Amino acid sequence: MGRTIHREDNMAKSNFTRRGLLRTGALGGAALATPTLFTSRVWAEAHTGFTNAPQGDTVTLGFNVPQSGPYADEGADELRAFELAVEHLNGEGDGGMLQTFSSKALDGTGIMGKRVEFVTGDTQTKSDAARASARSMIEKDGAIMVSGGSSSGVAVAVQALCQEAGVIFMAGLTHANDTTGKDKKANGFRHFFNSYMSGAALAPILAAQYGADRKAYHLTADYNWGYTTEEAITSSTEALGWETVNTVKTPLTQTDFSSYIAPVLQSEADVLVLNHYGGNMVNSLTNAVQFGLRSREANGKQFEIVVPLYSELMARGAGENIAGILGSQNWDWKLENQLGARYSGTNAFVQSFGNKYGFPPSQAAHTCYVQTLLYADAVTRAGSFNPCAVDEALSGFEFDGMGNGPTLYRADDHQCFKDVVVVRGKENPENEFDLVEIVEVTPVDQVTYEPDHPQFAGGSLGSCNPGA
Amino acid sequence: MTDQTTDTGAVRASAPKTKAASGRVLGLGGKDLSLFLLVLGLALFAPFILNPFPEGSALSQFNAGYPDLMQRFVIFGIFAIGFNILFGLTGYLSFGHAAFLGVGSYAGIWMMKLLTTNVIPAIIGSIVVAGLFALIVGFISLRRSGIYFSILTLAFAMMSFALAYSVLTPITGGETGLQLKYFDPRILDAELAPGNPPRANLFGLNMTSSYELELGSWVFTFNAGYYLAAFMMLLAFYLSIRIFRSPFGMMLRAVKSNQNRLNYTGISSKPYTLAAFVISGMYAGLAGGLLVAMDTQVGAERMFWTASGEVVLMTILGGAGTLIGPVLGAGFIKYFENIISKINSTVLHDWFAFLPDGLENVVVAIIYPFVGKGWHLTLGLLFMLVVIFLPGGLVQGGQKLATVFRRDKNAGSVESDAAKKQPGHPGE
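So the sequence lines, in the order shown, correspond to chains A and B.
Using our numbering, read the first sequence as starting at 1 and increasing by one per residue.
Using our numbering, read the second sequence as starting at 1 and increasing by one per residue.
In case anyone wonders, no lab produced these hints; they're calculated from the structure.
Please read these numbers as outputs of a predicted model, since none were measured by experiment.
Heads up, a few of these hints could be off.
What the hints assert, rightly or not - The list that follows gives simulated cross-link-like pairs (lysine to aspartate or glutamate, DMTMM-like), each with its CA atoms no further than 20 Å apart: (1) K181/B to D412/A; (2) K373/B to D141/A; (3) K356/A to D73/A; (4) K181/B to D452/A; (5) K373/B to E398/A; (6) K373/B to D73/A; (7) K104/A to D412/A; (8) K114/A to E55/B; (9) K182/A to D184/B; (10) K356/A to E117/A; (11) K356/A to D434/A; (12) K215/A to E268/A; (13) K113/B to D189/B; (14) K334/A to E268/A; (15) K356/A to E87/A; (16) K373/B to D357/B; (17) K182/A to E191/B.
Unchecked claim - Which bits of chain A does chain B cover? Going by a derived footprint, with three or more residues having C-beta under 8 Å, they are: (18) 126-136; (19) 159-168; (20) 194-208.
Beta carbons are placed, not taken as given, at the ideal position from N, Cα and C, and that holds for glycine.
All chains, please: the whole structure from these sequences, using the hints.
This is the structure we're talking about:
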């Protein structure tokens with residue numbers, strides 16, 4: 001038996017290797033020969049010299065937004081804004097902010113005559129998923145620019161990816177100092193304001209409204225945005241006399257904050273600062289109100305709740321719990337109506353957004369819309385889609401008419417500098433879209449900082465990367 | 001893993017012959033060899049196979065031949081092959097395998113941060129660390145079997161996730177995750193200019209570098225990282241064949257068929273199951289290390305229990321206990337996750353634009369829940385169909401198809417042997 005098998009072994013073996021060898025040889029030869037037989041795309045790209053240079057008469061942008069998870073509401077609104085921006089760039093609709101934008105390079109014929117197309121992806125507010133989604137946009141769909149997102153963790157992850165791949169990243173809603181601080185990148189740009197600016201704008205108003213001898217308890221979302229916001233708020237309120245009694249980190253995936261709120265009652269704090277955003281903030285604020293914090297008295301003072309980063313969407317989610325609570329915003333849809341022509345562009349955008357979707361846009365929508373227009377404008381002014389040319393056109397760019405007043409895209413860190421809006425939840429809202437009132441607008445000078453400020457130290461822009 | 005190679009190598013002479021074993025190249029019997037060559041061919045020509053539709057055509061939506069997804073196919077293939085060594089052979093269902101993948105990823109990125117951006121130390125480091133972690137988890141979990149074992153591994157995985165997500169934030173970066181920075185120590189590498197992102201490479205060959213071949217309107221991308229991962233997958237696949245065919249593999253099958261009987265005959269099964277557990281953990285570590293080598297960032301989410309569940313789905317969908325099944329299952333699920341999930345209502349409306357308006361909306365309304373964000377639903381239905389009608393997974397489906405076209409209805413197929421619960425080897 002053993003011998004028989006042995007003989008079969010030998011026969012089959014020789015057969016197999018011969019055929020296998022021939023087959024592999026032929027295939028290998030073909031594989032080696034093909035590149036020389038056909039024109040390769042590498043040669044075509046040598047003329048343009050950067051990743052995903054637009055071919056033909058269209059250009060593809062990638063909009064990577066959270067469509068699930070705690071920031072899904074923001075993501076949906078961002079996507080609406082992107083669609084609107086693409087419409088306006090392609091000369092459809094009423095043109096929105098193109099009419100008020102101080103730069104007149106855009107004329108509604110797409111970007112440099114190429115019609116704008118876009119692909120969308122779901123970040124799930126997870127850095128892994130966001131990178132996978134952005135990579136497929138860049139590698140499969142040929143996106144020349146990636147924008148969107150509603151989390152700083154995601155923004156930092158995707159920004160690093162774009163730097164590596166050699167495409168431009170126009171950050172969506174990201175508020176952590178890190179995005180243009182220690183994790184800043186030459187290919188990344190942020191229009192949205194940041195934690196430091198929130199602290200600088202909020203602290204004087206908090207001190208004026210609630211007094212200078214307050215004891216604050218912080219609940220902080222456990223990722224980079226939470227950390228920098230906590231740092232910014234504690235340092236700027238402590239500078240005005242407040243005391244920080246405790247800071248507690250809460251997981252981003254948390255939906256019930258009861259176990260975090262209960263210890264607040266035991267502490268000697270008289271202010272609760274919720275460094276939460278989106279669904280997190282809606283839940284933690286609701287829990288805090290359920291625990292009776294709003295009607296509570298501590299240290300002989302009325303107990304107060306502060307939400308450093310505010311939005312209309314969150315206010316809608318939190319319902320009447322939001323009444324009277326202070327916070328800061330990048331932009332609000334009522335700015336131009338209430339504070340005049342300095343904030344021109346606001347009404348133009350609100351009107352075209354309202355016409356299309358039937359309700360006013362959130363600040364997430366605003367920043368994404370503006371970022372798309374700014375990118376298109378920079379490409380047009382530079383006369384090239386090359387990320388390095390865009391970098392040059394955007395760095396140090398001063399503009400107006402985008403709803404925030406005169407704004408500077410600082411060259412040192414690719415951060416926009418503009419006024420910050422301090423808002424408060426309305427006691428008696430008239431409708432579900434008008435939930436916050438503007439308390440004050442902090443002028444840009446008060447929230448400007450040096451590029452090497454300690455809260456932003458430790459990173460470097462590096463040089464722009466055109467990829468390919 | 002090297003231990004295992006020598007182990008199987010040393011006992012090759014006594015290794016059981018497969019039913020139709022007729023030739024041995026690289027120590028593989030004829031049918032195993034053809035299976036290996038099939039996988040080799042698939043891996044080598046994946047850029048062509050996965051991009052069947054010309055660029056810009058409506059069907060290019062279904063192309064999957066871009067580096068990110070190709071890398072995922074082979075990396076999760078490795079993950080599933082490793083899982084199958086445990087589940088397919090011993091029948092021990094681990095619900096926490098993503099923990100080893102995650103631990104491997106963290107080990108890999110720390111090797112890149114501390115030593116060098118060359119991926120070799122990162123990959124070795126991730127295999128070793130995941131193996132050690134698997135040894136600890138396995139040692140404890142394998143005290144129980146069946147559902148208790150599954151629950152124990154699940155508990156370990158959730159614990160690891162919670163640790164990575166919050167408690168160990170200084171090491172794991174928590175929610176933000178870990179990335180390479182230009183100011184990392186990297187003691188073996190030259191210092192980079194400020195702001196210059198470090199890149200994963202293989203002795204200078206950048207993992208992200210690609211060569212694009214344009215043939216008419218087709219574009220094929222050959223990516224360095226993909227071929228490294230594919231090479232690793234082939235190694236992993238080869239090793240898994242050798243394990244399946246070794247006396248060690250036989251012993252593992254004996255554990256699956258009747259562990260009590262094995263114990264009564266005086267054989268302690270624990271060392272075998274523990275070895276299988278550690279090997280399978282090392283496979284997961286390799287997959288984790290490769291994920292980092294391809295895309296230099298780690299998020300804790302990859303350790304979440306859903307990721308552990310995914311590899312179970314992959315293995316069962318492809319065919320647990322078969323050799324190629326897990327690879328097919330991994331490809332299948334990743335394809336759904338990345339391609340079918342991209343089909344949104346706009347795309348559907350484009351496809352059915354030729355229909356009259358009312359009908360178009362009806363058709364789109366019917367299909368829409370099953371694509372885009374609803375891809376889980378489609379996958380779930382397919383999974384149910386497979387489990388009910390093809391308990392042997394996609395491999396069994398392939399066999400059924402093959403018998404239809406084969407003249408000799410009784411001929412055994414390539415996988416028939418592996419798919420069997422208790423392979424009989426009368427020659428032994």
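Discussion item. Which constraints among the numbered hints does this structure fail? Numbers only, ascending.
Written reply: 5, 7, 14, 16 and 20
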